[in-house]
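S.K.: Listed here are the chains, written in short residue letters.
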Amino acid sequence: MAYKISYGDSTYVRQADDSVLDTLLAQGIDIPHSCRSGVCQSCLMQALEGVPSEAAQAGLKSTYRAKAYFLACCWYPEEDVVVKLPNTADSAVAATISEIEPLNHNVVRLRLIADKPFDAIAGQHLTLITPHNVARSYSIANVPDEEAYIELHVRVIANGKLSSWLLHEAKTGMAVYLRGPAGECFYVAEDEKNFPIILAGTGTGLAPLLGIARDALRQGHRGDIHLFHGALKPEDLYLVEYLQALSDRYAHFNYTPCVLHGLDGKFYVRGDIQELVVADIADKKNTRIYLCGAPELVNSLKKKVFLAGASLAHIYHDAFLPSK
Amino acid sequence: MTASLYEKLGGEEAVSAAVDIFYRKVLADDRVNYFFDNIDMDRQAAKQKAFLTMVFGGPNNYTGKDMREAHKPLVEKGLNDTHVDVIIEHLGATLKELGVADEDIQQVADIANSVRDDVLNR
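Residue numbers (this note's numbering), protein chains in the order written: chain P, 1 to 324; chain E, 1 to 122.
The shape of chain E in the complex, shown without the other chains (with noise of 0.2 Å):
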């Protein structure tokens, strides 16, 4: 069996690193900051670290269920297709700036895709 991404980036420490790029990412970027108004900024950091986690195959226990639930009153303000691609392509950025080869950039945001309609709650 292959490392996972999560083993080659070097776990649990590079994961918080790259969410500290990921979030200044996201927060910058006015696509899509405003659904992140009014939200408690270490809160989010450890949700998107156990999203990052999981999206680097690194230990973790993900549920759709909490994905839909964290996202519905975002989709009823309007989240949608366009602002998951958004947030995909943030993630790409990051993982280029931490050295990340692209066919483990594109495996990262297959596995990202794939939690597309939990987060759109269809």
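Only chain P is shown next, with the shape it has when bound in the complex (with noise of 0.2 Å):
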């Protein structure tokens, strides 16, 4: 039997393998959307009809399930719906780029300021949303709890279509829109905050990291902090020399770039980074590791830190999944 979902004006069939994402996109309709895997969340949507699945409502904050969100990518209704974008001004918050700032030959720092409070803690994910509509999910690298901004680094792709627009059009003092913030991936204060954290990320996988341990650190954690952050090449690591000094002010703050590529003798260690990081976990039993970035290599070394010993509830992990 074929359900039909209402969009506008107009009434579509879902095919029977089709998410309502997939139905809306088929038809041509521009709906913002990324991962296409239920994690990014930029392609929420709203029911007006129908009763979004639970697997369509996982992840998301109670008071956008409260008003029938749900993911496009990930609904298969069974029933025949009516959805709509949810309105920005609802489901978003107002925010204001404050600065553009590149970090190296790909990453720029983006800051933004809320217009309203955004409850975000170090670690999670926000989606952006430019003033075409274009969203993508991106993590929060600084604490917005101590800073009145909001720090993003951003990875620029060729033609990827929110770099063109940072590359060619963002600019300081203009209006975007913030969604979110979701994810798990953050510090804990728990047992009187004397766990060893790993933290350990490619690209920019460093943006959550770095968010957690100053988190961390500013919360007075007394366990050891070590920081790894992988490149294939000197020139892709970033924010070198700042975590350089957060080590030197921070006794039990460590941070280890690496790379795969490079000469020896320079301030990096030449290395694959999951060999570091698996002979750094000592204490097995306390350890917290928080792995982040490239997918590949998040689900690689969150199963060899777990085979090294680690337990797998002491694993948060952050895989950022690409565009499609």
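Keep in mind the hints are simulated off the structure, nothing from the lab. A few of these clues could be false.
Covered stretches of chain E (chain P as the covering partner; in silico rule of three or more C-beta atoms under 8 Å from a C-beta of chain P) [as the list claims (entries may be wrong)]: (1) 23–29; (2) 58–67.
Facing chain E, according to a computed beta carbon distance under 10 Å, are these residues of chain P, among others [what the hints assert, rightly or not]: (3) N299; (4) K302; (5) F306; (6) L307; (7) L312; (8) A313; (9) I315; (10) H317.
A quick note: this is a predicted structure, and the numbers were derived from the prediction, not measured. C-beta: ideal position from N, C-alpha, C; glycine also.
Using the hints, build the complex out of the two chains.
M.R.: The structure is reproduced here in structure tokens:
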């Protein structure tokens, strides 16, 4: 039996294997979307008729669930439904760009000041919506409680929709929208803050890790904190001086930049981040491990640290899914 | 009525600890770990927790149907009695590590064995 999806003034038939997002995109309707895996929350929509499935609301804030918001990429309704894009004003918070600053050859720091309180925890992710309605998910790289702004690290992708906007149109003072936040990858102050923390990631996986490390330091974490930032080449690292200064200031904060290809004797360690991280786990029972960045690395490292003895409940991760 | 092994071990928290040990043994064993490639580890651990809770006699809503559905694709990839033996072997070694008495381990192995036909879809 075929079910119908009504959007705007039109009604479409959903094919058996198509999500709401697939159905609408197939009609040429421009629904913001990115990962198509239920993680980034770019394709948030609202049901006016029909009850979103549990899978379509997984990970959504309770306020969003209560308003029948759902992720269009994950809903395969088995009833006729009426859907709409959420009003940006209802579902998102307006924010102003306060800084755009290149951090290396392909990462740009974006600082945003939200017009209304945006309760985000360092390490969670949010959806950035441009004036052209391009939506992409980014991790929060700072401690918004402490600073008046929210910091994101945007990897510039050749011909990427958001990257093009950022390079050619975005300016300080420009208004954008923020939705969310979401995600469970953040610092939890438990066990008297004595446990060791290992944070590891590649590329802009550094963003949430930096936020989590700073959040832990701010909350008076007492155990050792070791941040590993991996890259293919030295020029892919960023914020190196800042992180070195941070490790000078805090005796229990260590920073290891590592690259696969580079000359010896430089400011980084040459080697495989996975081996370095596994070798660093001393207290298997208590160490909290945070893994962020490319999904292949996150999944592989997660398995390796688990096999090395880390407890599954102590491994937090956030795999950055590509836009598709 | 005697206390279930689930209670003796220490309930939910103890099962979580057992899952860590058990799952690690399984993933490190080349005889069976290829069945677990490309599987979400958190979801897999949750399923193992439900399974261990059941074999320890804790609160569960085990259904043979779920077990069959979940393992059907694996049976198509060649899952057989030998692999089930390996899993039960790791389950026993896990309990041994946790200091469980041999007779209790035997009882758990018997319960685990009782779902063999569901797992292998026969």
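S.K.: Next step is simple, just say for each hint if it's right about the structure.
M.R.: So, going through the hints one by one against the coordinates:
With 4 residues carrying a beta carbon less than 8 Å from a beta carbon of chain P, the segment 23–29 of chain E meets the three-residue requirement, and the given coverage holds. Remark: the segment 58–67 of chain E is not confirmed as covered by chain P, as 0 of its residues place a Cβ nearer than 8 Å to a Cβ of that chain, below the required three. Among the interface hints, the one on N299 (chain P) holds; its C-beta lies about 8 Å from the nearest C-beta in chain E, closer than the 10 Å criterion. With its C-beta approaching chain E no nearer than about 6 Å, K302 (chain P) sits inside the 10 Å limit, and its interface hint holds.
With 10 Å as the threshold, the beta carbon of F306 (chain P) comes within range of chain E, its nearest partner Cβ sitting at about 6 Å, so the hint holds. For L307 (chain P), the suggested interface contact is upheld, since its CB lies about 6 Å from the closest CB of chain E, less than 10 Å. The interface hint given for L312 (chain P) is met, as the beta carbon of that residue sits about 5 Å from the closest beta carbon of chain E, less than 10 Å. A distance limit of 10 Å between C-beta atoms decides the matter here; for A313 (chain P) the minimum to chain E is near 7 Å, and the interface restraint holds.
Checking I315 (chain P) against chain E: minimum C-beta separation of about 8 Å stays under 10 Å; hint holds. A cut of 10 Å between beta carbons decides the hint on H317 (chain P): the least distance to chain E is about 9 Å, and the hint holds.
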